[in-house]
Structures are given as structure tokens and as C-alpha cells.
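Chain by chain, the residues:
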Amino acid sequence: MLRYVYASDLADHPKLARTMFRDRADQFKTRLGWDVDIDAHGHERDEYDDLNPLYVIWEEPDGSHGGSMRFLPTVGRTMVNEHFTDLISGPIKSPLIWECTRFCLTRGAGGHVAAALMLGGGEIMQNFGVEHFVGVFDARMVRIYRMIGSSPEVLGSAGSGRDQISVGLWHFDPDAAAKVAERAGVPLERSRQWFDRAFGTAPAPTFAQTA
Amino acid sequence: MVSVTTARQPLEPILEDLEKAEGLAALQAASEEIRDHYGVDHVVYHWVDSAGDQYGCGTYSDTWRDRYLEQQYLRVDPVILGCFQRFHPVDWKRLDWSSKAARAFQAEAIEHGVGNQGFSVPIRGPNGQFALFTVSHSCDDDMWAEWTDAHRRDLILIAHTFNEKALEFEPDRTPEQSQSLSPREVDAMTFLAMGYSRAQVADTLAISEHTLRVYIESARFKLGAMNTTHAVARAMSRGLIVV
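One line per chain: the protein sequences are C and L, in this order.
When we follow the working numbering, the leftmost residue of the first sequence carries the number 702, and every step to the right adds one.
When we follow the working numbering, the leftmost residue of the second sequence carries the number 4, and every step to the right adds one.
In case anyone wonders, no lab produced these hints; they're calculated from the structure.
No residue lacks a Cβ here, since even glycine has one placed at the ideal position from N, Cα and C.
A couple of the hints might just be wrong.
Claimed, not checked - Partial chain C-side listing against chain L, Cβ under 7 Å, derived:
(1) THR786
(2) SER790
(3) GLY791
(4) LYS794
(5) GLU854
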């Protein structure tokens, strides 16, 4: 299932948190060779994890991490505006734009996990009035994003080939959402249930809803 | 009853006055005007500055405000507990009102005219600054859901307009860095000012319309404008673009 967890609440999900930071180390350090810090526990964490970001995490049936991404509002500190300004034309700041970084998949994760994460991104956009995500991604992700039908628009890139890093932009597209849901193997109603489980049940204006 | 369409007073002049104003009184006046604009029961904005001092303005009754402070409801209020250190806007219905203390608090709030519905936008400013912008009202769930859905975007933008003003009162505030526009933002604003459509601007800049929207949105926020037209006008009046 998809979980939406602020960093301050990660302690409630110890296994999920532990395996997420471990998988991030595996993806960003071991597999991609990024210059990231790994702590004594073998966890990859950076300064933005200390800003109480919101994580969207795919939880496997055994309670471990299957994939995740991290959100921060662009009106505050963001990785894009602090480390990748040379790739964009200037700082991107707006209450309607959130930054999405550290898109991570556990080794061997199926394509449905990446799609489920994108579905979670769609819930955030629809429910929180967010119009765009801006994020940093590597060349390897281009293929994955395309596969799940959620390709970002590239604002700028550095490097080439496998080492290319880009800043990209996502927007919500209802047609794409249906396709992404299909890829994820998750009905849209289920996705909404997971969202409501995290953020509380919303009043449903147009359809009957049972508690 | 909330009216979705009837606006008593246009929103932009209210926010322009707010931006130009100096001092806390302007925030109070703006909260009252925004309440009247939307025809809702209450508009409240409060914040904790980076030194930990609390401030507030809004339309709740003095009796309720005093009661709230005296009872230290800050520790009980599910809106505070649900929004602190977070950054997603929230309908009060989604919050946890299940505890006995929360239910008693809610009953008392309704008694004091706060309303049974609310929508709050939390903002995390720099250096630990934190703010909450709230609109509350008395109506049924369907009507509230419809109203917040129609106005969510504006409420988020208004919340941030309030907060930009509040940040001006920050202790040890360094002089405002000029909110200069990036080259792409200047391009976008300039072509829009020249009367190009979005499609034409995107075409001219060889970017997609979605990417263009982000440059416009980022410029809009920097300019403190509520919409694109307003942003273009401001960019021109401030001499940031020349047409």
C-alpha cells in the first residue's frame, strides 16, 4: 500500500523508514554512484530529510520499503533551488509548486511500484492544490517515467549519457492518472482510500460515502 | 450560506492594500475584508515568528480569543496539532476530533460562532517561522466541500500573501533581496505583456505550455500577484520588464 508520512512521523513506521533509507543508499550510492552521504547505519540521508519533508512510500506486504519519493514546498528550502540552479533559469518558488526528490525504487521492484508512487503524486496534486512538481532525476529514470506514462518535462540537464542529471517538471493530467493507475494495478478508489487513511477522511460532496 | 459566485468586493485591491501596508493593523483590516469578500463567518491568520513570539489577527470574537488563550487551547486544538510543522492545506473534517478534549473544544468553538467547518493552510517560513491561515464557516458538508474546492487555490495564495507581510515584521530581518525575475520569467512576462497568447509565448520560447506555466507561476509568486494579468501589470509597473 501507499503511505504518506511526514519525517516527524517516521518513528511510527520503524521498518519502513529503516528500509527506505537503506534502499536509498543502495540506489543513489551503490547503483548510481552519486556523491551522497551514508551514515553508520548504512542509510542515505541528506539535509533535506531534516526539514520534515513528506514522504510517499510504497509499503510491501511485509512492511518493508518498495519505493518512495520526498516532497518539500518550494517556498522553503529545496534541493533544486540550492544545488541545481545552473540547470534552471532561476529559483522556482510558489505555494502551488512542490519539489519531488529522491525518487527511489528498491532493487528488483516491479514497474507497478513506480506507477503507484506517481499515483500518490496525483493524489497530492488533486487534494492539496498543487499544480506542479519540480524534481531532480537521473538518466535511468527517464525510461521508467516513460514506461509508467508519467514523463516529466525537462527544464535543464547536465552531463550526458548514463550520468545525465536533469531538473524536470510534472503536472497533473487526469487521462494520464487513469493510465498510471492501470500500470500500478491500483484502482483509483483504493488510491483515495490510502490517501484518506493518511490524511483523514474528507467530506465527499458528490458521491455517497460510508464510514 | 456561502455564496460561491457572489463577491462583495474584489479580492485584488484588498491584497494590494495588504502588501503596501505597514504594521499589524493592516493584517487585521485585510482579514475582515477577506471575510466580507467571501461571505464566510471567519478569517484568521496567526503566526509564530522565528523568536517564538506569537501574533494573530482575524475575525473571531474577543471572548473566544481570550478564552482560547486563557485555556491554552493551543495544546488541544486539532487544527494546530494537525498543521504544526506540516505544509499541506487541510479541511477540518480530515482532522482527528475523536478525543474527549477535542470534542469539548469543538463544541465550545461552535458555541462561540467559529462555525462547524474550516479550512486551514499551514506555512513554514524561514528559521522556524510558522503560520496558519484559516477560513471557518457554518454550513453543511456538501456546501463546504464545494466552496473549498472552488477556492482552494485562492486561499493558498492569500495565506502566502499574509505570510509575506508577516515576514516583514521578523526580528533581525535582513533587507529584502530584490525579487528579481529570472531570465525565463522576464521572457514569459514580456511576451504576455505584448499580448501574445500562452501558446504563442511557449512557441516563441521553444518550451511547452506546461513549462511556461511554471515560469509564469514562479513570477506571479515573486510579484505577489493573484493571477497572470496582475503579475504582468506589476512586472511592468516595477520596471522589471520593458515592452
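**Study point:** Hints violated by the structure (listed by number, smallest first)
**Key:** Violated hint: only 1; rest satisfied.
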